[in-house]
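Trainee: Residue strings, one per chain:
Number of protein chains: 2
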Amino acid sequence: MQTIRIGIAGYGNVGKGAALAVSTAPDMELKAIFTRRKPESIKTINDSISVLPIEKAASMKNEIDVMLLCGGSATDLPEQAPYFASMFNTVDSYDNHAKIPEYMAAVDAAAVKTTAIISAGWDPGPFSMMRSLFESIIPDGATYTFWGKGVSQGHSDAIRRIDGVKHAVQYTVPIDSAVQAVRSGGRPDLKARDKMKRDCYVVIENGADKNLIEESIKNMPHYFADYDTSVSFIDMEEFNKNHTEMPHGGMVLRSGNTGKNKQVMEFSLNLESNPEFTGSIMTAYARAAYKMSKEGLYGAKTVLDVPLHYLSEKDRATLIKELL
Amino acid sequence: MQTIRIGIAGYGNVGKGAALAVSTAPDMELKAIFTRRKPESIKTINDSISVLPIEKAASMKNEIDVMLLCGGSATDLPEQAPYFASMFNTVDSYDNHAKIPEYMAAVDAAAVKTTAIISAGWDPGPFSMMRSLFESIIPDGATYTFWGKGVSQGHSDAIRRIDGVKHAVQYTVPIDSAVQAVRSGGRPDLKARDKMKRDCYVVIENGADKNLIEESIKNMPHYFADYDTSVSFIDMEEFNKNHTEMPHGGMVLRSGNTGKNKQVMEFSLNLESNPEFTGSIMTAYARAAYKMSKEGLYGAKTVLDVPLHYLSEKDRATLIKELL
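Read top to bottom, the protein sequences are chains A and B.
The first sequence begins at 0 in numbering that gives the first Met the number 0 and counts up by one.
The second sequence begins at 0 in numbering that gives the first Met the number 0 and counts up by one.
Since the hints were derived computationally from the structure, they do not count as laboratory data.
Bear in mind that the values here come from a model prediction, so they are computed numbers and not experimental data.
Hints are supplied without guarantee of correctness; some may be wrong.
Claimed, not checked - Calculated lysine to any residue pairs in the SDA-like style (CA-CA distance at most 20 Å, straight line):
{"no.": "1", "chain 1": "B", "residue 1": "K217", "chain 2": "B", "residue 2": "Y200"}
{"no.": "2", "chain 1": "A", "residue 1": "K320", "chain 2": "B", "residue 2": "S72"}
{"no.": "3", "chain 1": "B", "residue 1": "K313", "chain 2": "A", "residue 2": "G140"}
{"no.": "4", "chain 1": "A", "residue 1": "K290", "chain 2": "A", "residue 2": "K313"}
All chains, full assembly: derive it from the sequences and hints.
Mentor: In structure tokens, the structure reads:
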């Protein structure tokens with residue numbers, strides 16, 4: 000089997016996770032990392048990996064089979080994905096759910112002779128696959144997605160923007176009684192507040208007003224006002240000791256019926272490293288993008304379009320024999 | 000959208016489950032049930048459904064889009080599946096894991112101008128999908144499949160064949176400490192006995208020897224000897240009250256690592272009716288068989304080959320917008 004030559008564009012947390020996954024895949028070679036930062040400022044997991052300015056990517060069109068796009072969904076990907084998809088097979092983890100159709104159309108228009116798998120993180124990603132699979136099997140039912148326990152970067156950032164806050168981390172925590180209600184076959188009507196709570200750990204600047212900060216967090220619209228939020232003030236030492244990892248996880252549950260019988264399906268993730276897991280999913284889908292492009296299956300694809308056997312290092316016959 | 004016309008061949012528990020699922024699907028019509036029994040002996044869920052001798056199926060080639068093959072895996076399907084696949088798009092839930100490649104080859108040879116989706120129950124089925132997906136995402140790990148709590152028909156039948164046994168039901172029960180060990184990120188070396196135990200409820204004939212029956216069960220090779228087995232003797236009244244349902248379920252867990260970080264994935268089912276759930280999965284895959292045959296994707300296919308969007312009543316764009 001030919002080695003799949005991978006490029007990584009964007010070397011933040013997800014890019015590092017992808018580099019780790021690609022480096023340990025026996026059927027892949029990590030060809031280069033592309034960055035907008037100074038290449039010499041980047042410390043890779045392995046000294047033999049080239050780090051190049053992102054402008055150099057186009058010149059490596061024939062040396063890279065799949066480019067993993069590890070930039071952010073807010074501004075990087077909408078700009079970068081069509082550009083890269085015009086030259087490379089790509090995989091990204093674009094996660095702005097509301098804008099996926101628009102994003103997909105733009106990528107699809109560019110992916111004329113390439114395969115571009117979009118939104119292949121874990122939500123969107125396997126969580127979306129489960130929502131679709133579960134609903135298709137048991138149409139009479141209700142699907143629930145719970146996130147956590149885990150760090151939400153967006154919410155942590157929002158706290159850090161408050162005056163007087165030095166460091167902060169926000170954990171999204173599913174509410175166990177709600178999970179149990181669904182798991183036991185119920186179809187409760189759950190508001191955001193009923194499904195998840197938000198626990199915040201905050202390090203403040205000397206002399207900052209704790210009460211004011213706590214109120215600013217708890218009343219912040221969209222981010223915290225609709226949830227039960229707890230705020231704990233801690234010192235830098237405790238922060239560095241207990242709150243620098245990036246765990247996450249969550250569940251997709253469907254509670255439904257066939258006739259009078261209850262049928263419950265559940266998928267859950269318990270991740271010590273969210274970005275490494277995301278990078279691992281993108282790496283599996285890189286294999287799919289490579290194989291699909293070889294078959295001429297061009298254009299923008301999603302996790303709902305890709306047969307599972309394409310993700311594996313094993314060939315289809317082996318998978319059917321060993322895992323079916 | 001055109002209605003998908005469904006036939007069901009074989010009207011045991013799974014056939015009845017499939018009939019229920021098809022009858023409630025807005026995009027399907029249950030055209031006929033085919034049986035080897037006397038058609039007039041069959042009570043369908045709805046009087047308008049034709050029940051015909053199985054030999055009549057060939058004459059309805061143009062009136063049925065997908066035939067759901069609901070016979071048994073031991074003898075019915077190996078004979079029936081190639082026969083039906085030569086005329087109809089088919090879906091079956093063939094579950095003899097060791098013989099799948101051979102079975103698939105026979106069906107594939109027959110499905111020249113049809114789409115034949117094989118082994119689309121829940122294991123093989125979604126359980127296989129999870130084993131493949133999980134391993135592809137986290138190659139450094141171990142996958143565990145647990146079955147239960149639920150009724151195993153094969154084990155219940157084995158008990159009923161013992162002299163002096165009037166009725167019996169066997170529940171396969173996963174061992175919680177083993178599940179927890181995997182769930183917490185361990186990779187224990189689990190023998191069959193460590194993963195599941197077998198609880199048997201037995202009604203005996205008047206005067207039968209309880210000790211002898213209990214020993215016969217516990218020492219039965221393959222079925223019980225390799226497990227911790229409990230035997231409870233109950234009367235007919237209790238049997239009819241508490242042990243006539245067909246619940247089942249189980250879990251696929253993968254415990255693995257990306258670098259030093261533990262990553263745990265889990266899929267679980269908690270089913271009040273095993274045959275209705277199996278029939279529901281086959282019904283979702285009937286939609287896939289129909290759509291794939293329209294696209295000329297002929298031959299034998301498995302759940303690892305079918306993109307998820309084909310299973311849904313919703314079109315691809317709607318799924319991407321609503322569920323991705």
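Trainee: Within a Cα-Cα threshold of 20 Å, do K320/A and S72/B meet the stated pairing?
Mentor: holds, 17 Å
Trainee: Mind checking the alpha carbons of K217/B and Y200/B for me, to see if they're no more than 20 Å apart?
Mentor: Distance of about 13 Å is within 20 Å: holds.
Trainee: Taking 20 Å as the top limit, are the C-alpha atoms of K290/A and K313/A close enough?
Mentor: Given pair K290/A, K313/A holds - Cα atoms ~12 Å apart, limit 20 Å.
Trainee: Please verify whether K313/B and G140/A have alpha carbons no more than 20 Å apart.
Mentor: holds, 15 Å
Comparing the model with each numbered hint stated earlier shows that all of them hold.
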